[in-house]
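Colleague: Chains A and B, in that order, are what the protein sequence lines are. Using this note's numbering, read the first sequence as starting at 1 and increasing by one per residue. Using this note's numbering, read the second sequence as starting at 1 and increasing by one per residue.
These are calculated hints, taken from the structure and not from any lab test. Treat the numbers as computed from the prediction; the structure is a model and nothing was measured. Glycine included, C-beta positions come from ideal geometry on N, C-alpha and C. Don't take each hint at face value.
The following label-pair restraints were derived from C-beta to C-beta distances [claimed, not checked]:
id: 1; chain 1: A; residue 1: Ala216; chain 2: B; residue 2: Arg30; range: 50 to 58 Å
id: 2; chain 1: B; residue 1: Arg37; chain 2: A; residue 2: Arg25; range: 29 to 37 Å
id: 3; chain 1: B; residue 1: Ala26; chain 2: A; residue 2: Ser85; range: 30 to 38 Å
id: 4; chain 1: A; residue 1: Arg102; chain 2: B; residue 2: Ala117; range: 32 to 40 Å
id: 5; chain 1: B; residue 1: Thr295; chain 2: A; residue 2: Lys22; range: 45 to 53 Å
id: 6; chain 1: B; residue 1: Gly98; chain 2: A; residue 2: Leu87; range: 42 to 50 Å
id: 7; chain 1: A; residue 1: Ser252; chain 2: B; residue 2: Ala265; range: 43 to 51 Å
id: 8; chain 1: B; residue 1: Gln219; chain 2: A; residue 2: Glu313; range: 33 to 41 Å
id: 9; chain 1: A; residue 1: Glu65; chain 2: B; residue 2: Thr2; range: 55 to 63 Å
id: 10; chain 1: B; residue 1: Gly291; chain 2: A; residue 2: Ser59; range: 31 to 39 Å
id: 11; chain 1: A; residue 1: Arg293; chain 2: B; residue 2: Val221; range: 53 to 61 Å
id: 12; chain 1: B; residue 1: Arg149; chain 2: A; residue 2: Ala26; range: 20 to 28 Å
Stretches of chain B that chain A covers, calculated by requiring three or more beta carbons in the stretch to come under 8 Å of a beta carbon on chain A [as the list claims (entries may be wrong)]:
id: 13; stretch: 50–57
id: 14; stretch: 179–193
id: 15; stretch: 205–217
id: 16; stretch: 260–270
id: 17; stretch: 306–313
id: 18; stretch: 317–329
Protein chains: 2
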Amino acid sequence: MTFDLVLVGFGNVARRFVALLKERRAVLEREHALQARVIAVATRRHGHAFWPGGLDAVSLARRIERGKSIGSDAVSGSSRTGSLSSLEMLRRVVARSGAAARRRRLVVVETTTLDIARGEPATRHIRAALAGGAHVITANKGPVAFAYRSLARAADRAGRRFLFEGTVMDGIPVFNLVRETLPTVNVIGFRGVVNSTTNYILTAMEQGQGFDEALARMQAVGIAEADASLDVDGWDAAAKTAALANVLLGASLTPRTVERRGISAETGRQAIAARAAGRRLKLVARAVREGRRITARVAPEELPADDLLAGLEGQQNALILQTDLLEEFAIVQRSGSLTETAYALLSDLVTIARDVRTAGASRRSRPRAPGRRSL
Amino acid sequence: MTFDLVLVGFGNVARRFVALLKERRAVLEREHALQARVIAVATRRHGHAFWPGGLDAVSLARRIERGKSIGSDAVSGSSRTGSLSSLEMLRRVVARSGAAARRRRLVVVETTTLDIARGEPATRHIRAALAGGAHVITANKGPVAFAYRSLARAADRAGRRFLFEGTVMDGIPVFNLVRETLPTVNVIGFRGVVNSTTNYILTAMEQGQGFDEALARMQAVGIAEADASLDVDGWDAAAKTAALANVLLGASLTPRTVERRGISAETGRQAIAARAAGRRLKLVARAVREGRRITARVAPEELPADDLLAGLEGQQNALILQTDLLEEFAIVQRSGSLTETAYALLSDLVTIARDVRTAGASRRSRPRAPGRRSL
């Protein structure tokens, strides 16, 4: 079963994703009957193009890494698409892929960068993709943080999947874990450390490094966002908190309705003092449902040394889920890498392939699962 | 879609399971189109009976908790089965449930107690069930620890599922996590604390309690096995280690081929000394694949204080998975209860229901996944 992929955004994550698809090609085909080819790429800075017959995306990634643009010279069979916006490009590609869309074999992979003000244009990309009969996979937190409920409804109406495992803790299963392995369990709250940059800065400052020095190091290795405020002011953590609360608790939050405090050089001094007193300061994300009300917050918290979150060093993340049937349990990410985020996209693609493979039976008898269907 | 359940073993876990089925009845039906009825119960001490039309298992559980036996007085519609062995009883029930078996709606729920010497009679129960066309769910570590590979093959041949989420960390997803949410990821090793009783004893001894006192407390609350050796000599942990290695690493271990050292009053003194030196002593289970060789071990290990496993208090468990694509990540169980083990059976039943619902499509196109199919 061959899926046609439309990549919107072709940065580090998407480029690692196409490489990973190639590396795992044999096992994807053998164990999941899954083949995939990239038929279009849309980028903001490197141009875009449409190859209805598919192209070698790994070579294209190398071209871009050598500083070339996608449409800058002839690519066999390509239709140059000039200066269209990504949204317009996406619409045209989806419209011209009607056969694949009708067979549920069209997947838009959205990896544009986070817009913390509104989650755009990613949310528009996703709406256009679903409206055109494509499934959507994204590693962009914006759409889930700003518009989960309406995107989930749009996916349901279209009979397509909208998946986003890569938005929290990279490829470590969080959303897929709850959807696939915790049937009938209700998540009633969570707390966690979900931003690697700030955790790295706090632990580095405990060891005497300066705030700016630690931040610069995270930016140099590509972990921190280019806009430092997204990390240190807690915006990234707030977006993840909104995404988790929207999906797992049924909330309708946005990053702006999450109570938010970030970290600064002053927080570093507090972290040193806390450590001296046998405690740790961490940037903690938390949300809880009380009756119909859901409250969510990101803020530095001083934790006892034996708290699971207190033990997170460097870039480690963890999420503690509070549930009805299984009480509390935690998922801990002990490392992080581009491969892990790219893997999230791959695992979502496999979920779609499984779904399509069993769609005949599913469509006839799949029951309604309100509030969970599109998770 | 109604499943007929045959309960082999009707102890605490199975009784909590039938109560949970009733409590979650509405959501199981609404979200998973799943209904279930108990048609037979086989026990060692309380007799057994077969009700082809189903019975109220919650009432039956209450009867047994009041000290009555299953067949001790007339149950409407029952066929008394006298002094048959559980295995013979199971064979007859399965043989008389051919219609449900052919429609893949027959499920044997195996919850007899662990036999650490051979994993029997549980393994024979499971073979008989699969041979008769039933799916099998178990919370008994024995069969997975002693005979995973051959049982997985038997399930494949029969086209039925063999699931066992409850064998490690109760209902916290471990096996389901890897199978459902980590496609193409290879697990290359693990280490963890997987026995609650010994972890409770070690932490209690650190705080000055005696070994016997701490063990007695765990037996009183029903966490420790009646045979203390299963916990303190590391047998339970070795069985879980064999199960994890067999399923996740493709090993062919048994509890006896896992290198094993347990804990004693002397270990408690070492734990106190370790704690005084800023370290913790834990009973660590570990396995690793090196080339074709898989080595596995259960032993007390002195860990640095910042090790994730060092932070586990009381009955907490954790498992750190080492993988190729996602490096290391951990699952931490922060509480434990009968409900959590019973939930594991429920989640396995939902997996079967999903599978049966999509079986038409699956059977036509489900690809081969060597070594993973029956996980």
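Colleague: Using C-beta distances, would you say chain A covers the stretch 50–57 of chain B, given that this needs three or more residues below 8 Å?
Modeller: Answer violated; 0 residues pass the 8 Å Cβ test.
Colleague: Just tell me: holds or violated, for the beta carbon distance of Arg293(A) and Val221(B) against 53 to 61 Å?
Modeller: For Val221(B) against Arg293(A), whose Cβ atoms are near 35 Å apart, the range 53 to 61 Å is violated.
Colleague: Measuring from beta carbon to beta carbon, are Gln219(B) and Glu313(A) in 33 to 41 Å?
Modeller: holds (37 Å)
Colleague: Quick one: are Thr295(B) and Lys22(A) within 45 to 53 Å, going by C-beta?
Modeller: Roughly 33 Å apart at Cβ, these two residues miss the hinted range, so it is violated.
Colleague: Look at the Cβ atoms of Ser252(A) and Ala265(B) and judge whether their distance stays inside 43 to 51 Å.
Modeller: violated (56 Å)
Colleague: State whether the coverage of the stretch 260–270 of chain B by chain A holds or is violated, taking the criterion as 3 or more residues with Cβ-Cβ distances under 8 Å.
Modeller: violated (count 0)
Colleague: Using the Cβ atoms, figure out if Ala26(B) sits within 30 to 38 Å of Ser85(A).
Modeller: violated (47 Å)
Colleague: Please test the hint of 42 to 50 Å on the beta carbon pair from Gly98(B) and Leu87(A).
Modeller: For Leu87(A) against Gly98(B), whose Cβ atoms are near 58 Å apart, the range 42 to 50 Å is violated.
Colleague: Between the beta carbons of Gly291(B) and Ser59(A), is the distance compatible with 31 to 39 Å?
Modeller: holds (34 Å)
Colleague: Given a hint of 29 to 37 Å, does the C-beta separation of Arg37(B) and Arg25(A) actually sit inside it?
Modeller: At roughly 45 Å between Cβ atoms, Arg25(A) and Arg37(B) fall outside 29 to 37 Å, so the hint is violated.
Colleague: Quick one: see if chain A covers the stretch 205–217 of chain B, three-plus residues with Cβ-Cβ under 8 Å.
Modeller: violated (count 0)
Colleague: Using the beta carbons of Glu65(A) and Thr2(B), state whether their distance is inside 55 to 63 Å or not.
Modeller: Since the Cβ atoms of Glu65(A) and Thr2(B) sit about 57 Å apart, the hinted range of 55 to 63 Å holds.
Violated hints, in rising order: 2, 3, 4, 5, 6, 7, 11, 13, 15, 16; the structure is consistent with all others.
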